[in-house]
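Visitor: So the chains spell out like this:
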Amino acid sequence: MINRSISSTNRLLGARVYAESHEWVLMNENTATVGISDHAQGMLGDVVFVDLPEVGDTAEAGNACATVESVKAASDIYAPVSGEIVEVNTALENEPSLINTSPLDNGWLFKVKVQDGEQLSELKSEDQYLATIEDE
Amino acid sequence: MMTSLMTQARLLQKYSKCFRDIPQHYVRNVTRTLATHSTTYKALVSKSTNIHKNLAFEQYLYSTIDFHHTNLLFLWRNDPCVVIGRHQNPWVECNIGFLQEHNIALARRHSGGGTVYHDNGNLNCTFFTARNGYNRKRNLNLLVEAITKSWDIDLTVNERDDIILDGLYKISGTAAKLDKTKGYHHCTLLFNVQADTLQEALSATHIGCKSKATASFPARIANLADADNTITYEALIASVAEQFLAQNRENQVYSAEWVDPGSIEGCKDINKIQEDLQKWEWVFGKTPPFHIHRQFRKDFKGYSSHVQIHLDIKAEIVCGLVEKIQINMKGFDSKNIEEFIRVLHQECIGLQFRKHTLEYKLNELLNTSHMYDADMEIGNWIMSCILDNVQ
Numbered sequence: 018m019i020n021r022s023i024s025s026t027n028r029l030l031g032a033r034v035y036a037e038s039h040e041w042v043l044m045n046e047n048t049a050t051v052g053i054s055d056h057a058q059g060m061l062g063d064v065v066f067v068d069l070p071e072v073g074d075t076a077e078a079g080n081a082c083a084t085v086e087s088v089k090a091a092s093d094i095y096a097p098v099s100g101e102i103v104e105v106n107t108a109l110e111n112e113p114s115l116i117n118t119s120p121l122d123n124g125w126l127f128k129v130k131v132q133d134g135e136q137l138s139e140l141k142s143e144d145q146y147l148a149t150i151e152d153e
Numbered sequence: 007m008m009t010s011l012m013t014q015a016r017l018l019q020k021y022s023k024c025f026r027d028i029p030q031h032y033v034r035n036v037t038r039t040l041a042t043h044s045t046t047y048k049a050l051v052s053k054s055t056n057i058h059k060n061l062a063f064e065q066y067l068y069s070t071i072d073f074h075h076t077n078l079l080f081l082w083r084n085d086p087c088v089v090i091g092r093h094q095n096p097w098v099e100c101n102i103g104f105l106q107e108h109n110i111a112l113a114r115r116h117s118g119g120g121t122v123y124h125d126n127g128n129l130n131c132t133f134f135t136a137r138n139g140y141n142r143k144r145n146l147n148l149l150v151e152a153i154t155k156s157w158d159i160d161l162t163v164n165e166r167d168d169i170i171l172d173g174l175y176k177i178s179g180t181a182a183k184l185d186k187t188k189g190y191h192h193c194t195l196l197f198n199v200q201a202d203t204l205q206e207a208l209s210a211t212h213i214g215c216k217s218k219a220t221a222s223f224p225a226r227i228a229n230l231a232d233a234d235n236t237i238t239y240e241a242l243i244a245s246v247a248e249q250f251l252a253q254n255r256e257n258q259v260y261s262a263e264w265v266d267p268g269s270i271e272g273c274k275d276i277n278k279i280q281e282d283l284q285k286w287e288w289v290f291g292k293t294p295p296f297h298i299h300r301q302f303r304k305d306f307k308g309y310s311s312h313v314q315i316h317l318d319i320k321a322e323i324v325c326g327l328v329e330k331i332q333i334n335m336k337g338f339d340s341k342n343i344e345e346f347i348r349v350l351h352q353e354c355i356g357l358q359f360r361k362h363t364l365e366y367k368l369n370e371l372l373n374t375s376h377m378y379d380a381d382m383e384i385g386n387w388i389m390s391c392i393l394d395n396v397q
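Chains as they are written, first to last, in our numbering: chain P, 18 to 153; chain D, 7 to 397.
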């Protein structure tokens with residue numbers, strides 16, 4: 018119950034919530050902007066290419082929907098919520114390093130029109146997320 | 007051993023289904039108990055030398071096996087081929103015409119990194135682990151230790167995760183693929199590749215191409231056999247597998263198992279993955295969007311007067327298809343050629359950026375263009391300039 022009320026508050030305040038697989042979600046009405054955490058970009062190293070989904074694709078929560086390439090490794094990025102992809106960050110085509118320099122703002126990946134708001138309650142608040150990465 | 011790995015994968019799948027019906031605290035206890043089990047190290051050698059078959063087998067092992075308690079080393083080699091990274095541009099990275107002439111296969115892998123040439127003188131090593139066990143430096147150090155234990159040669163691992171011979175020559179390149187629960191790191195080990203074929207295959211003839219794709223980092227290469235000619239495929243496999251399997255506890259004795267991916271239980275699934283890997287839409291179509299801008303000039307003699315024609319060709323290629331082509335010609339006025347170029351702009355859109363596809367279409371346009379003599383000669387030249395971009 019406590020967790021749920023925290024995430025509801027976060028949604029109201031427009032705070033980021035996080036998936037265990039290190040993606041963040043920022044809600045604006047029913048559109049979720051998705052990116053990866055500062056911790057995740059640090060683990061990846063210098064990003065050289067981002068393969069984004071196409072606008073109109075359907076993302077399934079928990080499924081891989083983008084790939085980020087850094088220091089010779091291709092890493093899957095997972096959709097934290099389900100829904101239609103309504104926008105992708107085209108600035109990453111020319112400047113994939115935005116993921117490293119501004120993971121929480123200019124380095125966002127894509128926007129999803131959220132179908133089921135309940136999926137957000139499965140995600141962690143920033144404090145909860147930071148506590149889990151300390152355990153790693 | 008393949009059977010036992012597959013059985014293990016199936017059992018884990020079965021148990022994970024059962025777990026849903028069991029109280030969560032019980033599952034956590036069981037998981038904790040399992041987690042205390044130490045890791046088992048196993049090694050497989052593929053009997054196939056087909057790049058697409060081996061990449062499919064690698065992908066199959068990756069997707070079907072649970073690597074929480076198993077670290078798997080997969081060893082394989084291929085007939086001559088060029089392998090590009092997940093986000094690379096084959097038109098920029100290799101000499102496609104040379105590959106076709108010499109029957110050298112071209113493949114795109116799922117991992118990142120740069121372009122490599124393989125033949126029977128190259129051993130590929132794939133290290134599969136759980137996500138938290140992924141460690142490229144450890145794998146490369148294991149290889150260096152295995153080789154230097156058997157042969158007296160100077161090998162080091164550099165900051166790019168290449169293995170370097172005598173402080174100068176690259177003998178191994180690395181790439182990796184990661185998801186949230188597992189990952190693999192694979193690398194090449196050049197022991198006796200045809201160095202001149204490698205150079206030719208990887209020397210792209212393409213110019214005037216702008217691309218955001220991952221670029222390769224060319225390096226001076228050498229073969230392990232240059233340092234010691236007793237380093238052969240079988241000897242290398244024996245020493246690498248022995249070093250890897252020595253990580254098992256004393257009571258667990260394993261040896262490397264030779265497997266034919268075409269005859270195991272999952273061969274149908276492997277064939278399906280292989281089909282997808284061979285599709286033009288994957289090998290070429292997966293290329294990030296790119297632009298071409300080329301200029302050509304030619305003197306045409308024997309007309310009413312001597313003419314010099316300038317041609318400016320711009321093309322945009324998206325998903326391997328011609329998104330846009332723009333040709334500007336200066337130095338010769340001809341309504342017929344203008345019309346040919348106008349039709350060409352429309353008719354090439356959506357075509358695969360592929361020599362025989364474009365050649366077929368351009369020939370068709372020339373034959374239906376009503377151009378003769380000088381016009382036709384110039385039309386043919388325009389066609390050869392366009393095809394020069396495709397290799």
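There could be a bad hint or two in this list.
[What the hints assert, rightly or not] Below are the EDC-like pairs computed for lysine to aspartate or glutamate, each with C-alpha atoms no more than 16 Å apart in a straight line:
id, chain 1, residue 1, chain 2, residue 2
1, D, Lys-53, D, Asp-85
2, D, Lys-188, P, Asp-93
3, D, Lys-292, P, Glu-71
4, D, Lys-307, D, Glu-383
5, D, Lys-292, P, Glu-104
6, D, Lys-218, P, Glu-112
7, D, Lys-367, D, Asp-379
8, D, Lys-218, P, Asp-68
9, D, Lys-216, P, Glu-110
10, P, Lys-130, P, Glu-101
11, D, Lys-186, P, Asp-93
12, D, Lys-53, D, Asp-266
13, D, Lys-341, D, Asp-379
14, D, Lys-143, D, Asp-168
15, D, Lys-216, P, Glu-112
16, D, Lys-186, P, Glu-37
17, P, Lys-130, P, Glu-104
18, D, Lys-336, D, Asp-318
19, D, Lys-188, P, Glu-37
20, D, Lys-292, P, Glu-37
21, D, Lys-292, D, Glu-322
22, D, Lys-218, P, Glu-37
23, D, Lys-216, D, Glu-322
Hints in this document: simulated from the structure, not taken from any laboratory.
Visitor: So if I understand the rule, the pair passes when the alpha-carbon distance is 16 Å or less; does Lys-186 (chain D) with Glu-37 (chain P) pass?
Guide: 9 Å, holds
Visitor: For the pair we were handed, Lys-292 (chain D) and Glu-37 (chain P), check the Cα-Cα distance against 16 Å.
Guide: 29 Å, violated
Visitor: For the pair supplied as a hint, Lys-292 (chain D) and Glu-104 (chain P), is the alpha-carbon distance within the 16 Å limit?
Guide: At roughly 21 Å apart (the allowed maximum being 16 Å), Glu-104 (chain P) and Lys-292 (chain D) break the hint.
Visitor: Between Lys-307 (chain D) and Glu-383 (chain D), does the CA-CA distance stay at or below 16 Å?
Guide: Judged against 16 Å, a Cα distance of about 11 Å means the pair holds.
Visitor: Are the Cα atoms of Lys-130 (chain P) and Glu-101 (chain P) separated by 16 Å or less?
Guide: 5 Å, holds
Visitor: Need the status of pair Lys-292 (chain D), Glu-322 (chain D): alpha-carbon distance at most 16 Å?
Guide: 15 Å, holds
Visitor: Could you grab the alpha-carbon distance between Lys-216 (chain D) and Glu-322 (chain D) and see if it respects the 16 Å cut-off?
Guide: Holds, because 10 Å separates the two Cα atoms, which is no more than 16 Å.
Visitor: Check the hint pairing Lys-130 (chain P) with Glu-104 (chain P) against an upper bound of 16 Å on the C-alpha distance.
Guide: Given that 16 Å is the threshold and the Cα spacing comes to 9 Å, the pair holds.
Visitor: Does Asp-93 (chain P) lie within 16 Å of Lys-186 (chain D) when you go C-alpha to C-alpha?
Guide: Given pair Lys-186 (chain D), Asp-93 (chain P) holds - Cα atoms ~7 Å apart, limit 16 Å.
Visitor: Lys-218 (chain D) and Glu-112 (chain P) were given as a pair; does the straight-line alpha-carbon distance stay at or below 16 Å?
Guide: 9 Å, holds
Visitor: Given the hint that Lys-216 (chain D) pairs with Glu-112 (chain P), does the C-alpha gap stay at or below 16 Å?
Guide: The given pair, whose Cα atoms are some 15 Å apart, holds under the 16 Å limit.
Visitor: Holds or violated: are the alpha carbons of Lys-143 (chain D) and Asp-168 (chain D) at most 16 Å from each other?
Guide: Holds - the C-alpha atoms of Asp-168 (chain D) and Lys-143 (chain D) are around 10 Å apart, at most 16 Å.
Of the numbered hints stated above, those contradicted by the structure are hints 5, 7, 20 and 22, listed in ascending order.
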